[in-house]
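Protein chains: 2
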Amino acid sequence: MGNADFECPHRVAIPPTKPFFESLSSNLKETFFPDDPFKQFKNQPLGPQILLWLKYFIPIFEWAPHYTLDFFKSDLVSGVTIASLAVPQGISYASLASIPPIIGLYSSFIPPLIYAMLGSSKDVAVGTVAVASLLMAAIMGKEVSPVEHPKQYLQLVFTATFFAGVFQASLGFLRLGLIVDFLSHATIVGFMGGAATVVCLQQLKGILGLVHFTHETDIVSVITSVSSQVHQWRWESIVLGCCFLFFLLLTRYLSKKKPIFFWINALAPLTSVILGSLLVYFTHAEKHGVQVIGHLKKGLNPPSATDLAFGSPHLLIAIKTGIIVGIIGLAEGVAVGRSFAAFKNYHTDGNKEMIAFGIMNIVGSCTSCYLTSGPFSRSAVNFNAGCKTAVSNIVMSIAVMITLLFLTPFFHYTPLVVLASIIITAMIGLINYEEVIHLWKLDKFDFVVCLGAYIGVVFGSVEMGLIIAVALSVLRVLLMIARPRTLVLGNIPNSTIYRSIDQYPTAEHVPGILILQLEAPIYFANSNYLRERLSRWITDEEERIKSSGETSLQYIILDLSGVSSIDSSGISMLKEIKKSIERKGFKLVLANPKSEVIKKLNKSNFIEAIGHEWIYLTVGEAVTACNFVLQTWKPSPVAAAELDSAVNSV
Amino acid sequence: MGNADFECPHRVAIPPTKPFFESLSSNLKETFFPDDPFKQFKNQPLGPQILLWLKYFIPIFEWAPHYTLDFFKSDLVSGVTIASLAVPQGISYASLASIPPIIGLYSSFIPPLIYAMLGSSKDVAVGTVAVASLLMAAIMGKEVSPVEHPKQYLQLVFTATFFAGVFQASLGFLRLGLIVDFLSHATIVGFMGGAATVVCLQQLKGILGLVHFTHETDIVSVITSVSSQVHQWRWESIVLGCCFLFFLLLTRYLSKKKPIFFWINALAPLTSVILGSLLVYFTHAEKHGVQVIGHLKKGLNPPSATDLAFGSPHLLIAIKTGIIVGIIGLAEGVAVGRSFAAFKNYHTDGNKEMIAFGIMNIVGSCTSCYLTSGPFSRSAVNFNAGCKTAVSNIVMSIAVMITLLFLTPFFHYTPLVVLASIIITAMIGLINYEEVIHLWKLDKFDFVVCLGAYIGVVFGSVEMGLIIAVALSVLRVLLMIARPRTLVLGNIPNSTIYRSIDQYPTAEHVPGILILQLEAPIYFANSNYLRERLSRWITDEEERIKSSGETSLQYIILDLSGVSSIDSSGISMLKEIKKSIERKGFKLVLANPKSEVIKKLNKSNFIEAIGHEWIYLTVGEAVTACNFVLQTWKPSPVAAAELDSAVNSV
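The listed protein sequences correspond, in order, to chains A and B.
Note that UniProt numbering has the first sequence beginning at 1, numbered continuously upward.
Note that UniProt numbering has the second sequence beginning at 1, numbered continuously upward.
No wet-lab data here; the hints were simulated from the structure.
Among the clues, some could well be false.
Claimed, not checked - Computed cross-link-like contacts, DSS-like style, restricted to lysine-lysine with a CA-CA straight-line distance of at most 27 Å: (1) K388/A / K579/B; (2) K320/B / K320/A; (3) K444/B / K18/A; (4) K584/A / K55/B; (5) K388/A / K578/B; (6) K579/B / K441/A; (7) K42/B / K546/A; (8) K444/A / K603/B; (9) K388/A / K575/B; (10) K444/A / K578/B; (11) K546/A / K39/B; (12) K578/A / K352/B; (13) K344/B / K578/A; (14) K444/B / K29/A; (15) K444/A / K575/B; (16) K546/B / K55/A; (17) K441/B / K603/A; (18) K584/A / K344/B; (19) K18/A / K441/B; (20) K546/B / K42/A; (21) K579/A / K256/B; (22) K441/A / K29/B; (23) K575/A / K603/B; (24) K584/A / K352/B; (25) K39/A / K578/B; (26) K18/B / K444/A; (27) K352/A / K39/B; (28) K441/A / K575/B; (29) K444/A / K29/B; (30) K579/B / K256/A; (31) K575/B / K352/A; (32) K344/A / K579/B; (33) K297/B / K575/A; (34) K603/B / K441/A; (35) K584/B / K55/A; (36) K584/B / K579/A.
What the hints assert, rightly or not - To give an idea of the interface, some chain A residues facing chain B are shown, with a C-beta separation under 10 Å as derived from the structure: (37) T31; (38) V477; (39) L479; (40) M480.
Just so you know, even glycine gets a beta-carbon here, dropped at the ideal spot from N, CA and C.
If we strip away everything but chain A, and leave its shape as in the complex, we get (with noise of 0.2 Å):
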């Protein structure tokens, strides 16, 4: 009866139930290891597999082989380039997480030899980072005052530098990199904007030759604070400051407009440090208000391990600390790596790469250096310099312990000044407000998204921006999860081809059936709402039939095809909805379901429930064999229950 005379010319297939382990760990394969990283080991002999392994591990046996002179060439300038900036900045930064300027130098010795042999990308340019030595001094200079105690200050830096790399690593070796992935490009531009204007605030202390200064990051008590000083305002320190900063602006202004001038604008940094510092030695600027580096001990890093403080009652918060800097120093690093790498169409292993930056800093934090990363700046100089492998780093890091080893005390007359308008410099790059407008126009919760990460960073605190920007982001998605749409088909004209009536106007209802298309997987957290929104659509379609006097409604077509996964409650809710569009006369008929959905709907007996005809491989398969029944027996409603019965005891 029903349908029975009418041949369905392609069956659903029910796949077949793999045993719990296989499936398991098919699973947990496709969520961890969805590049197949091992796929070259199988099937060869011990001897080379090894070798693969290293090769694995260890990625400069891959690419050294391999090396040529020409590259060395293109790597030694880029390596050159990059020291120059790296010198000022690693100061610079230093100064900004509040430990001695020589530790800077430190970062940018050992860690990029060490990132030279681990990482997979070939233009990242290890050093520190502006944003996370801004967060350390933030949260750690809470508990230890970096001023009055700076030995246990330091010690708690290389403690968390520490857990930042263990951290990192265990997230690589843990395949855990979906993590970073939670950090959206919205919540980065807007993080990263917020916090480059709070470095640039705090620069204010610099270049007002302030010498005492909130610790707080957010612009009203920094506002507050160096208006209430206006009278410790220093003119010999302001006018520096701004000549500086017109000049590294004007370079960096001209290097966008002509790429010749780019070696202008990779050198400026160093030029401005050289420059201030000859004017402050010949002026003596620094006995009228112009503060300098100072002293700066000369040699190769001292060894660390024994200052990382395990015992100490603070590691609570190192550990919070590393965790979180870990956390932003991947997310740079990481993303920078695979953007330079999508730009010049090789490939960078995420997990490999959070291995070789959790590494770096483990080594680091006991060779005296603090969190390192591969910021975006001076990665930018690098790639535009040319560099060919992660040589330069090595070219760069040769470069710093030259600097290190001999050239220390012509950085004693550096004014302080001149380093705060390097970083402002370098921080007014990373305001990328074009970005915003794009954001903006593409996309409004992603613009939400990125001020709240934004007004968070600036107005509250780095930690409370990054708490509401991936809050938002969680929000949203749980949201779309919560209130997927569901759309109402029609048929495309002269097509059998079935397509949303909202996106194509032209598409037209099929008398006496009402086909509805779910958009997301049926879960716990939508069910509730999709049987809502279901009897709503029904019910909306029989008013309209009602006073449209069309063909009364007699078949709801379930489109499946959206549907990639369903749980109990999906399956309680399909039952229900069934259940009530029975109780009304209809008959409910489902359209494509994916494999998972029709695997839970045979173990659930809810295929046998509504009977294997009147599960379609189409939509329009399922509306030829409801028309078939349509137009040759039209059922009365007692027919109709008959109909229901009949299909229930199949």
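Given chain A, put chain B in place with the hints provided.
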């Protein structure tokens, strides 16, 4: 050039962009008013509209005019039946919450009256709930001891009830019913089972006749506490307890076997109380270690508005407790109402139910009642006794009122051990092991969530179980979003249908074309994964073709049917994928982008970049178009590059 000669039968429509505020308001409406509750008020004159609003907010005006004597007969019987349950349960659950037993009776008088007016369910029987009672004692008992400061503790209980009500009502007014949806079916099964186990363990105090007992709820503490007091166990209490437990479980078992015994089961608790009280009265067992309720004050609820301790130093803990028990109460009450409504084929409004429960608890907190909801056990008895409307709640309320006015002295000799037996019998029904087995069979992850909730509650605390279960559920949703499936499609023989070759083993590869289907919205959380996974599919396909010697790959068709939306990270991902596909010399073709997706592709100029003629309505049409080109014009590598640049310059 390219497919310009091929006439595309159908075009993908790009819906016009809606103005910002229009699309915002329609999104908000879809999110918070999916049931469109105010539809009936449109186009009505003021008078009827006010009446409709009154009926909407106070449903008793809706159904009272149609109330008949037949209804009343049924409601009277069911009301008296649930009252016989309400009295012993009220007293028992109050002792679970560590408050005077009389409060339990008060709580079955006022709240049912309120609910009868405001509630939209016909079957919910209002009363105190075991889990929420235990939770209150567990959370607040740690702050203020109910033994040492009974008055202060009671004030805290009223305050928490007040905040629970405010929270519930606000959720309803703010249309945030979706929060309750995040407690999945599996979470509730595990949580209820765990809570029932914990409540049963707590009854060991009553059964064993112990005076001292641990304040912790976890199984380890309870077993330790019980086993360390073996010498305080009272055999009189144990014997009495076992007898009544046997009696109650027997009637429960019988009523399940034969519906005729339903009344015996429903009246068993009251019978036990009467029998137990008589026994103690005549044997003076209260002097031999059988603890009794003792004096219960006669009279109706005293006002308690002045007891709300808003100035208390423990206010925060009261608010926290209120929110937790408020959610638990709602989850049970709303789900119970919904289930019975589905059974009788009428509709309850989740948001209105929340407002009803909320106002009921706010009023309750001012009239010496503590938290009430719609407990499953009592509502099931109500339903089985044949209730027709909420009038059964009014009948119960009047019966409880008579008890309060005249019958309280009769409970003086009621032994606590009988109450413990009543609680245990009620709780055993909540441990739904059959459902757990069903979950294991249907969905392994739901089983894990359920088990997590159970173990968390039994071995940790009630809150911990809830947190574990919700965290696992949300984690699952996020993982699903972060790792969506991608499918390779093949042609179902003798059709233009394309389906996953995993699900349909007969589906055939189309030579020279790789068809990939995405099954989820493209978000920041999965865009990196999707990029890697898609390029792996392409590489795998290239290798497969190389080894099998088929026609080499020319086209990659991305079926976007399952992509309901896309954000800015997703757009960047598509752009990168396009670049990398074109660099390999292939052409990217899109099929069936949904309205949200095509709008954003249009805004971001992706359509221009790919060429509007490379976007098709169905996979079938895309394949036809590609085949048209493949057969009429085989591109060489150079020609392919030309093709690309030609397409790009469109």
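How the hints compare with the structure:
Note on K388/A and K579/B: the hinted pairing holds, with a Cα-Cα distance of about 21 Å set against a maximum of 27 Å. Between K320/B and K320/A the CA atoms are separated by roughly 26 Å; this keeps the pair inside 27 Å, and the hint holds. Our distance criterion of 27 Å between C-alpha atoms is met by K444/B and K18/A, whose separation comes to about 13 Å. Straight-line distance between C-alpha atoms of K584/A and K55/B comes to about 26 Å, which keeps the hinted pair within the 27 Å bound.
The straight-line distance between the Cα atoms of K388/A and K578/B is roughly 25 Å, inside the 27 Å bound, and the hint therefore holds. Pair hint K579/B plus K441/A holds up; C-alpha atoms about 23 Å apart against a cutoff of 27 Å. Between K42/B and K546/A the alpha-carbon distance is near 19 Å, which keeps this suggested pair within the 27 Å criterion. For the given pair, K444/A sits about 13 Å from K603/B by alpha-carbon distance, which is consistent with the 27 Å threshold.
Proximity of K388/A to K575/B is assessed by CA-CA distance (about 25 Å); at most 27 Å being required, the pair is judged to hold. This hinted pair checks out: K444/A and K578/B have alpha carbons roughly 25 Å apart, not beyond 27 Å. Using a Cα cut-off of 27 Å, the hinted pair K546/A and K39/B holds, with the two alpha carbons roughly 17 Å apart. A C-alpha spacing of about 25 Å is found between K578/A and K352/B, which places the hinted pair at or below 27 Å, so the restraint holds.
Among the hinted pairs, K344/B with K578/A is consistent with the structure: their alpha-carbon atoms are about 15 Å apart, no more than 27 Å. Of the pairs offered as hints, the one joining K444/B and K29/A holds, with about 17 Å between alpha carbons and a cut-off of 27 Å not exceeded. Using a Cα cut-off of 27 Å, the hinted pair K444/A and K575/B holds, with the two alpha carbons roughly 20 Å apart. Of the supplied pair hints, the one linking K546/B and K55/A holds, its CA atoms being roughly 26 Å apart against a limit of 27 Å.
For the suggested pair K441/B and K603/A, the alpha carbons sit about 8 Å apart, so the restraint of at most 27 Å is met. Taken as a hint, the K584/A and K344/B pair is honoured in the structure, with Cα atoms around 13 Å apart against an allowance of 27 Å. The straight-line distance between the Cα atoms of K18/A and K441/B is roughly 13 Å, inside the 27 Å bound, and the hint therefore holds. A distance of roughly 19 Å separates the Cα atoms of K546/B and K42/A; the hinted pair therefore holds under the 27 Å criterion.
As the CA atoms of K579/A and K256/B are separated by approximately 25 Å, the hinted pair is consistent with the 27 Å bound. Simply put, K441/A and K29/B have alpha-carbon atoms about 22 Å apart, close enough for the 27 Å limit, and the pair holds. Proximity of K575/A to K603/B is assessed by CA-CA distance (about 41 Å); at most 27 Å being required, the pair is judged violated. Distance check on the hinted pair: K584/A and K352/B sit about 25 Å apart at the alpha-carbon level, within 27 Å; holds.
A threshold of 27 Å between alpha carbons decides the hint, and for K39/A with K578/B the separation of about 25 Å falls inside it, so the pair holds. Note on K18/B and K444/A: the hinted pairing holds, with a Cα-Cα distance of about 13 Å set against a maximum of 27 Å. Pair hint K352/A plus K39/B does not hold up; C-alpha atoms about 57 Å apart against a cutoff of 27 Å. For the given pair, K441/A sits about 17 Å from K575/B by alpha-carbon distance, which is consistent with the 27 Å threshold.
Under the criterion of a C-alpha separation no larger than 27 Å, the hint pairing K444/A with K29/B is consistent with the structure, at around 17 Å. A distance of roughly 25 Å separates the Cα atoms of K579/B and K256/A; the hinted pair therefore holds under the 27 Å criterion. For the hint linking K575/B to K352/A, the alpha-carbon distance of about 25 Å falls within 27 Å, and the restraint holds. For the suggested pair K344/A and K579/B, the alpha carbons sit about 11 Å apart, so the restraint of at most 27 Å is met.
Distance check on the hinted pair: K297/B and K575/A sit about 50 Å apart at the alpha-carbon level, beyond 27 Å; violated. Straight-line distance between C-alpha atoms of K603/B and K441/A comes to about 8 Å, which keeps the hinted pair within the 27 Å bound. The suggested pairing of K584/B with K55/A holds, with an alpha-carbon distance near 26 Å, which does not exceed 27 Å. Under the criterion of a C-alpha separation no larger than 27 Å, the hint pairing K584/B with K579/A is inconsistent with the structure, at around 53 Å.
Residue-level restraint check for T31/A holds (minimum Cβ-Cβ distance to chain B is 5 Å; threshold 10 Å). Because the closest C-beta pair between V477/A and chain B is about 5 Å apart, less than 10 Å, the hint holds. Against a cut-off of 10 Å between C-beta atoms, the interface hint on L479/A holds, since the closest Cβ of chain B lies about 7 Å away. Annotation: interface hint on M480/A holds; nearest CB of chain B at approximately 7 Å, less than 10 Å.
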